[in-house]
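Trainee: Can you make the complete structure from the sequences, with help from the hints?
Chains A and B, in that order, give the protein sequences.
Quick note on numbering: my numbering labels position 72 of the first sequence as 72, and the sequence is numbered without any gaps.
Quick note on numbering: my numbering labels position 45 of the second sequence as 45, and the sequence is numbered without any gaps.
Careful: at least some of the hints might be erroneous.
If chains are identical, the list can't say which one is meant, so a pair holds when it fits in one copy or spans any two.
Below, computed lysine-lysine pairings styled on DSSO-like, alpha-carbon distance capped at 27 Å [stated by the list, open to error]:
1) LYS308 <-> LYS8
2) LYS404 <-> LYS18
3) LYS95 <-> LYS324
4) LYS447 <-> LYS198
5) LYS158 <-> LYS428
6) LYS198 <-> LYS255
7) LYS404 <-> LYS8
8) LYS255 <-> LYS4
9) LYS4 <-> LYS254
10) LYS8 <-> LYS79
11) LYS254 <-> LYS79
12) LYS255 <-> LYS454
13) LYS259 <-> LYS447
14) LYS158 <-> LYS95
15) LYS8 <-> LYS18
16) LYS447 <-> LYS18
17) LYS4 <-> LYS95
18) LYS428 <-> LYS454
19) LYS128 <-> LYS95
20) LYS18 <-> LYS255
21) LYS255 <-> LYS8
22) LYS8 <-> LYS254
No lab work stands behind these hints: they were computed from the structure.
Please read these numbers as outputs of a predicted model, since none were measured by experiment.
2 protein chains.
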Amino acid sequence: MDKKIPYKIYLEENEMPKCWYNVRADMKVKPAPLLNPATLKPATIDELSAVFCRELAEQELDNDTAYFEIPEEIRSFYKMYRPSPLVRAYCLEEKLGTPAHIYYKFEGNNTSGSHKLNSAIAQAYYAKKQGLTGVTTETGAGQWGTALSMACSYFDLKCDVFMVKVSYEQKPFRREVMRTYGANVTPSPSMETEVGKKINAEFPGTTGSLGCAISEAVEKAVTTPNTRYVLGSVLNQVLLHQSVIGLETQSALKKYGVKADVIIGCAGGGSNLGGLISPFVGEMLRGEANYDIIAVEPASCPSLTRGKYAYDFCDTGKVCPLAKMYTLGSSFIPSANHAGGLRYHGMSSIVSELYDQGLISARSVEQTDVFKAAETFARVEGILPAPESSHAIKVAIDEALKCKETGESKNIVFGLTGTGYFDLVGYKNYNDGNLKDYIPTDEELAKSLNQLPKV
Amino acid sequence: MDKKIPYKIYLEENEMPKCWYNVRADMKVKPAPLLNPATLKPATIDELSAVFCRELAEQELDNDTAYFEIPEEIRSFYKMYRPSPLVRAYCLEEKLGTPAHIYYKFEGNNTSGSHKLNSAIAQAYYAKKQGLTGVTTETGAGQWGTALSMACSYFDLKCDVFMVKVSYEQKPFRREVMRTYGANVTPSPSMETEVGKKINAEFPGTTGSLGCAISEAVEKAVTTPNTRYVLGSVLNQVLLHQSVIGLETQSALKKYGVKADVIIGCAGGGSNLGGLISPFVGEMLRGEANYDIIAVEPASCPSLTRGKYAYDFCDTGKVCPLAKMYTLGSSFIPSANHAGGLRYHGMSSIVSELYDQGLISARSVEQTDVFKAAETFARVEGILPAPESSHAIKVAIDEALKCKETGESKNIVFGLTGTGYFDLVGYKNYNDGNLKDYIPTDEELAKSLNQLPKV
Numbered sequence: 001m002d003k004k005i006p007y008k009i010y011l012e013e014n015e016m017p018k019c020w021y022n023v024r025a026d027m028k029v030k031p032a033p034l035l036n037p038a039t040l041k042p043a044t045i046d047e048l049s050a051v052f053c054r055e056l057a058e059q060e061l062d063n064d065t066a067y068f069e070i071p072e073e074i075r076s077f078y079k080m081y082r083p084s085p086l087v088r089a090y091c092l093e094e095k096l097g098t099p100a101h102i103y104y105k106f107e108g109n110n111t112s113g114s115h116k117l118n119s120a121i122a123q124a125y126y127a128k129k130q131g132l133t134g135v136t137t138e139t140g141a142g143q144w145g146t147a148l149s150m151a152c153s154y155f156d157l158k159c160d161v162f163m164v165k166v167s168y169e170q171k172p173f174r175r176e177v178m179r180t181y182g183a184n185v186t187p188s189p190s191m192e193t194e195v196g197k198k199i200n201a202e203f204p205g206t207t208g209s210l211g212c213a214i215s216e217a218v219e220k221a222v223t224t225p226n227t228r229y230v231l232g233s234v235l236n237q238v239l240l241h242q243s244v245i246g247l248e249t250q251s252a253l254k255k256y257g258v259k260a261d262v263i264i265g266c267a268g269g270g271s272n273l274g275g276l277i278s279p280f281v282g283e284m285l286r287g288e289a290n291y292d293i294i295a296v297e298p299a300s301c302p303s304l305t306r307g308k309y310a311y312d313f314c315d316t317g318k319v320c321p322l323a324k325m326y327t328l329g330s331s332f333i334p335s336a337n338h339a340g341g342l343r344y345h346g347m348s349s350i351v352s353e354l355y356d357q358g359l360i361s362a363r364s365v366e367q368t369d370v371f372k373a374a375e376t377f378a379r380v381e382g383i384l385p386a387p388e389s390s391h392a393i394k395v396a397i398d399e400a401l402k403c404k405e406t407g408e409s410k411n412i413v414f415g416l417t418g419t420g421y422f423d424l425v426g427y428k429n430y431n432d433g434n435l436k437d438y439i440p441t442d443e444e445l446a447k448s449l450n451q452l453p454k455v
Numbered sequence: 001m002d003k004k005i006p007y008k009i010y011l012e013e014n015e016m017p018k019c020w021y022n023v024r025a026d027m028k029v030k031p032a033p034l035l036n037p038a039t040l041k042p043a044t045i046d047e048l049s050a051v052f053c054r055e056l057a058e059q060e061l062d063n064d065t066a067y068f069e070i071p072e073e074i075r076s077f078y079k080m081y082r083p084s085p086l087v088r089a090y091c092l093e094e095k096l097g098t099p100a101h102i103y104y105k106f107e108g109n110n111t112s113g114s115h116k117l118n119s120a121i122a123q124a125y126y127a128k129k130q131g132l133t134g135v136t137t138e139t140g141a142g143q144w145g146t147a148l149s150m151a152c153s154y155f156d157l158k159c160d161v162f163m164v165k166v167s168y169e170q171k172p173f174r175r176e177v178m179r180t181y182g183a184n185v186t187p188s189p190s191m192e193t194e195v196g197k198k199i200n201a202e203f204p205g206t207t208g209s210l211g212c213a214i215s216e217a218v219e220k221a222v223t224t225p226n227t228r229y230v231l232g233s234v235l236n237q238v239l240l241h242q243s244v245i246g247l248e249t250q251s252a253l254k255k256y257g258v259k260a261d262v263i264i265g266c267a268g269g270g271s272n273l274g275g276l277i278s279p280f281v282g283e284m285l286r287g288e289a290n291y292d293i294i295a296v297e298p299a300s301c302p303s304l305t306r307g308k309y310a311y312d313f314c315d316t317g318k319v320c321p322l323a324k325m326y327t328l329g330s331s332f333i334p335s336a337n338h339a340g341g342l343r344y345h346g347m348s349s350i351v352s353e354l355y356d357q358g359l360i361s362a363r364s365v366e367q368t369d370v371f372k373a374a375e376t377f378a379r380v381e382g383i384l385p386a387p388e389s390s391h392a393i394k395v396a397i398d399e400a401l402k403c404k405e406t407g408e409s410k411n412i413v414f415g416l417t418g419t420g421y422f423d424l425v426g427y428k429n430y431n432d433g434n435l436k437d438y439i440p441t442d443e444e445l446a447k448s449l450n451q452l453p454k455v
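Mentor: Next comes the structure, spelled out in structure tokens:
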């Protein structure tokens, strides 16, 4: 086996990206704008600034600037846990007996356990710069809430996290990490907001949903002085910050003269996938290269593969701007699968538009297959992957096995977004043989899709 | 602030150690030999080989060979998660306002979450090489058991882990990681061994201890064909393998022309501390340099600072060889503090001898101070440290604050052995203000010390 390429490619500090890349600048057809839920007209900078920090709102609306300089303070923080390694999966290749070369960009080596920290620190920075005293957010599985807690602790900002009640109860340790970083964690729906009270009254005993927690966090932000709302996925600004993943991957591959053939990422709201693929899609849009890009989603929440491309609400309370996206409908209730980070009804507008233009493809996979891939990976590569990340592993293995059949030595690159230390209930169910697959029926999907707003 | 030194110093693959370093070779007075518990004479290679793999037994007894080549297979595995970064703690320095330069060698970036993997993979390799089909071991907090499970999975060996019952019940997720790596995990004391049955009969309802789990694992090894016992700390062979930590640290410091002044490690059985300091102690023994080396132990289990230097049993069942070490007596029951990895009654013979010769010093610290240091560290350095590792953080902070008083720019290096993702019960108690300090009284210590064997 040719081992001229090290197991782990680390960029030097001075090779780290100095700018984020905004793929919208190279897109001929831009993603559709956010709409104000009251007027159904494109949301203006002033409207968005009431909810988001001003500079983040500017980033959100900017379809033209290709590169945004990463502020020095954020680059300093990045240096604590970045550059993340691009790992050559020699052991997995050997295990599979494939001629393919497999690489993964590993984003799990920080205490938040995932890539979420890349955008959390940026959003906390702009909040601090604007003179705010705190931010609010929601969290489902807990990765985003943890990342934001860490970022707020670093910049000494108050951090209010609304955590989906079922996760709050099932993942007490996630909550404890956030508390250790000084965050105030509230189970959602709570009695602290009007929307929370309303949902609790309508659905007594509900264990909450991401869409509901978003509504609570937004309400809390707009009713608290010097406070704004921040979000860990879906938005353009988040994909912008997450482009650091793709830019580092691109530099690391270039450094060793490797041209990727297939690029794979798991897709929930699109933060990791969008960040990983942006610079590569940029090359495609500029006619410089071609890649086979695959978004992987759970069969239980298949927004790209079975959703509709339409304007939809981002939250249950319908207080947020509407986004045009591949969606299952904001009333869709995903099954209790173990990839909490992939259980959102919609998909980033940028990713949706790229998919609609045929620049990327999508595939859905079932939970038991995903955990099987995770186990294989953990045993040979020594990293216990998050269930979310394991969706990408599953498809990377599938692609590598195809190469085994055809004899092709493709370069397969996938994003390993994080670790599974807080997902061991899922692993236990898998180890015990108690894992189930859930695939919504066409009738179930039609029900929520029929409730899409008329825009 | 001078930032010529990067936040994280990564060695290149070709700069990684090719040999382990055996500090005993440079010691004029060698550590005392292990004694056969039946004869009270030095254990021979044949006696040890009945329990341990032959090559490991040879390493155990070899006081003369300074360098052992690291087999290619182990170096390949090391490349999956090593070199580990030597991190310059710029943010912690700034937070403390100290002129000191603080560095930490971070061993937590692998799924076992600690340095234990360095020796686990070596021991599994020699077991495989000898043609064994499996190994047995004990685990308390779970780091060692997890590391060994990963190593055995890699070499396709059967792995039987006796896990102290209280941990088995309190840390179901640790157990689940081991199961994911294919290990068979049994709560100890069990009814699977004679010694387990005996202890269960004598102390009905006991939640077990490390000493008891060791006895069970040894019995299981010697009564199962093609199986040997392996141990994650205390032994000379373990410190040999763990020297990879110190060797990498030494190379990384040299690469940037940094001379350490103070070197700090937490000490339970001595595996991390011994591994970290060995190459530096070697320099001291050869008269090449001088370092201020500090072993940090919990005030609740103070073997170096309040123990006796004497021969003692390593396990409750008294089936293992006796070791000369600083000990609190094998009948000492440490309090339920949260640093499970530091709750062993004795200390590595090598570390004990170095301490007795005055080459290293020791300090004991209390649990609440340790968690306070952990919190400070987590918030500025972005890593949630294990409670064990946080003992070293506490003393590193103390030393850095001393520098603040004196104005000295000392180079302080400490070992950050692992992450605290499975220790959040401890963090919760700290966050809730429910953490207690336990310090054994002189009377309590006298009780167990009076039961030391007459050798």
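Trainee: Of all the hints given earlier, name the ones this structure violates by number, lowest first.
Mentor: 1, 2, 3, 6, 12, 13, 16 and 18
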